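What follows is the residue order along each chain.
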Amino acid sequence: MASRTLAVWENRKVVGLLVRRDLKVKYQQSVLGYAWTMLEPLALTLVYFFIFGYVLQADRGIPEDAKAQGGYILFLVAGILPWTTFGAILSEAPRAMITHSKLITTMKVPREIFPMATVGTKFVEYLLTWPVLLIFVFALGGRFSWEGMLFWLPLAIVLTFMFGLGVTLFLSAVNVLLRDVERLTRILTRILFYGSAILFPATMVLSSGAPGWAKTLYELNPLMGIFQMHRTVWFAGFEELTPSPLALTSAVVGSILMLVIGYWTFRRLEMSVLKEL
Amino acid sequence: MASTYEAAVASGPVIEAEGLGVKFAVNRRRKRSLREMFIHGNKRDPNAEGNEFWPLRDVSFEIAKGDCVGIVGKNGTGKSTLLKMIAGVLLPDEGKVSVHGKVAPLLELRAGFNDNLTGRENVYLVGSLHGMSEKEIDERFDDIVDFAEVKPKFIDTPVRHYSSGMKVRLGFALISQLEHPIMLVDEVLAVGDKAFKRKCYEAIDRMLANERTMVLVSHNEKDLRRFCNRGLYIKGGALALDTDIDSALAAYNEDTKAEIDERKKKDAAKKKRAEAAEKKIEVEEKAADPAPGDAAPEQPKDGNEGKDGGQAA
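Quick mapping for you: the protein sequence lines, in order, are chains A and B.
Quick note on the numbering used here: the first sequence kicks off at 756 and runs consecutively.
Quick note on the numbering used here: the second sequence kicks off at -3 and runs consecutively.
There's no promise every hint is true.
To give a feel for the contact side, a few chain A residues facing chain B, derived at Cβ under 7 Å [to be verified]: (1) 772; (2) 780; (3) 861; (4) 1029.
Please keep in mind that the hints were generated in silico from the structure rather than gathered at the bench.
Bear in mind that the values here come from a model prediction, so they are computed numbers and not experimental data.
Yeah, the Cβ is synthetic: ideal placement off N, Cα and C, and Gly gets one too.
Please work from the sequences and hints to get the whole structure.
Shown next, in the form of structure tokens:
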């Protein structure tokens, strides 16, 4: 285990190379390039704002005082941007090993490198969404707070990518042996999108008439806590928009667990995967 | 952990294999591997014994520094599998292989090339992936392009527009620049036209001159005799012989000859049987003309007869 970690560290350059290659290929082939990173979430935000905010009035879950700090639109943007990244991780995770089969079967590097490169690419793309977010923050009068910047933001980012890496390790290995996983993931992504309360404050679900066990189950979804944190960064201090202790715990524990399970599965299946590629 | 990642340079053998074996599940392998993982752990499922196939088992050898070893054997006897295990890209189910030193794998020459990147970008990418520094590639870039015979105007074109020959040439040119002490070569000498082949030979000679170790899998006797001083003959998934290359090739040729004779005999017997069956049918047809017996396994020599038989049946 320790020697393996060391081997991964020694090969960090390879991760960097693969990340750079992926970004280069991605932005080289499109005319608008980087603009897509902004346009896609922007379009989504507009659509969701119209349907959920305007028609279905999901903005009623936002506390009155928070409306001066960006309100529902900032809430949406701050959730959709990291979700776009996370959704992209989910959609590429099953292919993380398969697309590199040629390299994996000729290069002796720790195989974890390849899922790590996939997640690494997404991390860079996430950082590239920050200018968009900041534009919204300034335009809507969002407020920077110490609590948000120093506590919620680092925690949210670390947990998002920890969970993402765990999922990628898991899915990339399993999908080589069982290609159905790819399709299943697509459905799960949809479900998780609504299950993680991206479009509406989680309190709206928790204060609804749903049975208690269902609410607990809802809070146990680690992603819900994680994406709540992404928004708490801008709405620190509002209890309705801060993860509950249960959601916070399940986010932290769930992410660590996901990483452990993902890595364990990956190592366990490694031999079969290599034969199959 | 069966394979080691450390690249410690020892004074002993460069490559050591001990009781190497690898198994593939023949049937329902996907289901089984998942079940193995969740239920049975590493223990083997006793019911699935019949579904296993060992392409390679109980193979042990040592390769010293400076050796050039040729691996010979029929198709599907596990030569490439063995090479992959030495390269560390396939993990053995049994035994252990330790390799001391970095490995330059000439296994799949186009590996790592991304179709959307230019030739130049790919050279830098794959070179770096194999551990070359940017400076080293800078120094050798012109040599690589020159060796690969890629025209300068194409080097900044995406690789997807290259011909397959160009890609392979570029791959070989690049990998042959690696200065790793161990080279694994899997039939890649069969690439390119005559002129390029000659250049490849020269490049390999040059590489071998530097006390480097090479393991070569090939079906080309001339190649094997030219480079190798030692031969491993793999037969039916096991190491049959470990001698000099001429003896290994001789044994291989003998077995091949025996096999061809065997097949000739079988073919002859088959032919005889077919002829006999044909005769029998003819006799039967003559005996009971309107209803020719059960459909002949071999087409009767006259197509009309078959048709008539079909109508009658």
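Here is what the structure says about each hint:
Taken as an interface hint, residue 772(A) checks out: its beta carbon lies about 5 Å from the nearest beta carbon of chain B, inside 7 Å. With a least beta-carbon distance of about 5 Å to chain B, the hint placing residue 780(A) at the interface is held under the 7 Å criterion. With its C-beta approaching chain B no nearer than about 4 Å, residue 861(A) sits inside the 7 Å limit, and its interface hint holds. Interface hint at residue 1029(A): satisfied, since its Cβ lies 5 Å from the closest Cβ of chain B, which is below the 7 Å cut-off.
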